[in-house]
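With these hints in hand, go ahead and build the complete structure from the sequences.
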Amino acid sequence: MTAWSASVTVSAGGFDLALSIEGDDTPVALIGPNGSGKTTALRAIAGAVAVSDARVEIGNRVLDCTEREIHVPMQDRGIGYVPQGYGLFPHLTVMENVEFGLTVGARRDSATSRTERVGAMLSRLGCESLAHRRVDRLSGGEQQRVALARALVMEPDMLLLDEPLAALDATRRRAVRLFLAEQLSAFGRPCILVTHDVRDVLALGATVVVLEEGAVSQTGSLEALRTSPASDFVREFVATD
Amino acid sequence: MTNTRVLPTPIVRIGALFSVTLIGLLVLPFVAMVVTTPIADLRAGAAHPMFAPALWVSLKTSMTSLSITMVLGTPLAWWLASSRSSAARVIEVLVDLPIVIPPAVVGVALLQTFGRQGLLGPSLESLGVSVPFTGTAVVLAQVIVSSPFFIQACANAFRKVEPDMLLVARTLGASPSVAFTRVAIPIALPGLLVGASLCWARALGEFGATLLFAGNMPGRTQTVPLAIFSALEADVRLAVVFSLVLAAVSTILLVGIRFIPSLRRSPRRPPT
Numbered sequence: 012m013t014a015w016s017a018s019v020t021v022s023a024g025g026f027d028l029a030l031s032i033e034g035d036d037t038p039v040a041l042i043g044p045n046g047s048g049k050t051t052a053l054r055a056i057a058g059a060v061a062v063s064d065a066r067v068e069i070g071n072r073v074l075d076c077t078e079r080e081i082h083v084p085m086q087d088r089g090i091g092y093v094p095q096g097y098g099l100f101p102h103l104t105v106m107e108n109v110e111f112g113l114t115v116g117a118r119r120d121s122a123t124s125r126t127e128r129v130g131a132m133l134s135r136l137g138c139e140s141l142a143h144r145r146v147d148r149l150s151g152g153e154q155q156r157v158a159l160a161r162a163l164v165m166e167p168d169m170l171l172l173d174e175p176l177a178a179l180d181a182t183r184r185r186a187v188r189l190f191l192a193e194q195l196s197a198f199g200r201p202c203i204l205v206t207h208d209v210r211d212v213l214a215l216g217a218t219v220v221v222l223e224e225g226a227v228s229q230t231g232s233l234e235a236l237r238t239s240p241a242s243d244f245v246r247e248f249v250a251t252d
Numbered sequence: 329m330t331n332t333r334v335l336p337t338p339i340v341r342i343g344a345l346f347s348v349t350l351i352g353l354l355v356l357p358f359v360a361m362v363v364t365t366p367i368a369d370l371r372a373g374a375a376h377p378m379f380a381p382a383l384w385v386s387l388k389t390s391m392t393s394l395s396i397t398m399v400l401g402t403p404l405a406w407w408l409a410s411s412r413s414s415a416a417r418v419i420e421v422l423v424d425l426p427i428v429i430p431p432a433v434v435g436v437a438l439l440q441t442f443g444r445q446g447l448l449g450p451s452l453e454s455l456g457v458s459v460p461f462t463g464t465a466v467v468l469a470q471v472i473v474s475s476p477f478f479i480q481a482c483a484n485a486f487r488k489v490e491p492d493m494l495l496v497a498r499t500l501g502a503s504p505s506v507a508f509t510r511v512a513i514p515i516a517l518p519g520l521l522v523g524a525s526l527c528w529a530r531a532l533g534e535f536g537a538t539l540l541f542a543g544n545m546p547g548r549t550q551t552v553p554l555a556i557f558s559a560l561e562a563d564v565r566l567a568v569v570f571s572l573v574l575a576a577v578s579t580i581l582l583v584g585i586r587f588i589p590s591l592r593r594s595p596r597r598p599p600t
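Those protein sequences? They're chains P and E, same order as listed.
Throughout, the working numbering is defined as the position within the first sequence, counted from one, plus 11.
Throughout, the working numbering is defined as the position within the second sequence, counted from one, plus 328.
To be clear, the hints were calculated from the coordinates, so they are not data collected in a lab.
Since this is a predicted model, take the numbers as computed values, not measurements.
Fair warning: there could be bad hints in the mix.
[Said to hold, decoys possible] Not close to chain P: a few residues of chain E, all C-beta gaps over 12 Å, as computed: (1) F358; (2) L400; (3) G449; (4) M493; (5) F535; (6) F557; (7) L560.
[What the hints assert, rightly or not] In silico SDA-like cross-links for lysine to any residue, where the CA-CA straight-line distance does not exceed 20 Å: (8) K488(E) <-> D147(P); (9) K488(E) <-> Q95(P); (10) K488(E) <-> R148(P); (11) K488(E) <-> R145(P); (12) K388(E) <-> G547(E).
[What the hints assert, rightly or not] Which chain P residues face chain E? A few, computed with CB under 7 Å, are given here: (13) M85; (14) Y92; (15) P94.
All C-beta atoms in this analysis are idealised placements derived from N, C-alpha and C, irrespective of residue type, glycine included.
Written out as structure tokens, the structure is:
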């Protein structure tokens, strides 16, 4: 069981975000209206956004602590990030995309070990047949698997997923949601997922954090949100089940 | 897409006639140059004492100016592509200025900057440096007239690099410089090569600013376009030969420019 906490304050271009959340290995679903700061929150935890105040801890590792002037750079945080649209590298094949993290930085691996790890990950995610394909020729669901494989092969301490199902059509979404739930269950480490869909929360058994206008307005299980929704947005969200 | 007949046939025919006329105007001068030049003239032109030094000065200065533009222009293009500030939009317009300003005006402006009576001339002279009518002047003139082509193409190419791709590369362990060289540069590469080709072609063909600011001294500042200008006064046939060489180089560049964007790396073959 890995306990984690993230308190970040961001002020940029007239937008203020003040977020304080914590959790364990249970996935956290970050929900909120458009423009409420969900993506900024993920990026702040990943270390990609300038923060005015931050304290981010995963397990016994302190990644950010403004008071103690600690700021671990993005490349050393051990946080996996899958953005909206997946951010796959279009000039590389599927295998090269998944392999990328093992060819750079402190976690660079030998060619033999790399091939083994990438092969095993592609196999685990059912992507072996795609290994030598160009990523721009993959379907949305395949791209999502490759992006997930690329993040998971690094064995991150935490996984951040920004609307992982948004680019898929309705029929694909159901299958990929179940697949994602299985993979995150197998991952067994902290995960924060941004979503607009209550079915994602249900499938993942996630704890919900509601972000509205740059601040957390409610936290709890889906049941708790149903029982006493803190805002019209929450009421609307739980009613779409 | 299916063909749809939006315009009436007579209009289409008139349009086709206009198009053919323009294509004829574009191509005919080059065809005339090729068909009216006997092979013997080509050989004589290539052996002329003016030819090799002018070609050497052209290649040396244009490659130098291209290198300078790439080193100085790539960071600027990256900033123009990634910044949303109004300052970036103002700088973008400033960078484009040399495209619309006539090269002769650029030559005069350079003289007013680096000439003896210019803004920086006296200070440079006190340091024992004189820029006008030297090889450096040729390079400077070329950098100014050609760099906008590189920066524009380069900025457009960098705009294709989604910030999320770099962000992901960083979370996967890449430092900022590794993310730039392993992700941004390869994605933008076709556009960067097009920009470099256009920039080099413009530098190679530069005439007006070079003539005014660097002069027309054989072996020192006389590039091929200036050699054509000098040869016209003495021997038209020689000017035609020099022109053919320059046109051939430019055509090769154009073919390269058209070909490069479709040059996408093929995926690695699966092991058999």
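Reported absence of F557(E) from the contact zone with chain P (all CB gaps over 12 Å)
holds (44 Å)
Does F535(E) clear chain P by more than 12 Å, comparing its Cβ with all Cβ atoms of that chain?
About 38 Å separates F535(E) from the closest Cβ of chain P, which puts it past 12 Å; holds.
Straight-line alpha-carbon gap K488(E) to D147(P), limit 20 Å
Holds - the C-alpha atoms of D147(P) and K488(E) are around 14 Å apart, at most 20 Å.
Against chain P, does M493(E) hold up as non-interface, every C-beta pair farther apart than 12 Å?
About 5 Å separates M493(E) from the closest Cβ of chain P, which leaves it inside 12 Å; violated.
Sort out whether Q95(P) lies within 20 Å of K488(E), counting only the CA atoms.
holds (16 Å)
Does the alpha-carbon distance linking K388(E) and G547(E) stay inside the 20 Å limit?
It holds: about 11 Å lies between the C-alpha atoms, which stays within 20 Å.
Could you let me know if the closest chain P CB is still more than 12 Å away from the CB of L560(E)?
holds (47 Å)
Agreement of K488(E) and R145(P) with the hint, judged by alpha carbon distance not exceeding 20 Å
holds (17 Å)
Decide if the proposed pair is consistent with the structure: K488(E) and R148(P), CA atoms, cutoff 20 Å inclusive.
Measuring from Cα to Cα gives roughly 17 Å; hence the hint holds.
Could you check if M85(P) really has its C-beta closer than 7 Å to a C-beta on chain E?
Interface hint status for M85(P): holds (4 Å vs cutoff 7 Å).
G449(E) remote from chain P - nearest C-beta pair above 12 Å
The claim stands: G449(E) keeps its Cβ more than 12 Å from every Cβ of chain P (closest is about 45 Å).
Per the CB criterion, is P94(P) less than 7 Å away from chain E?
With a closest approach of 4 Å, the P94(P) hint holds.
Figure legend: structure checked against the earlier numbered hints; the only hint not met is number 4.
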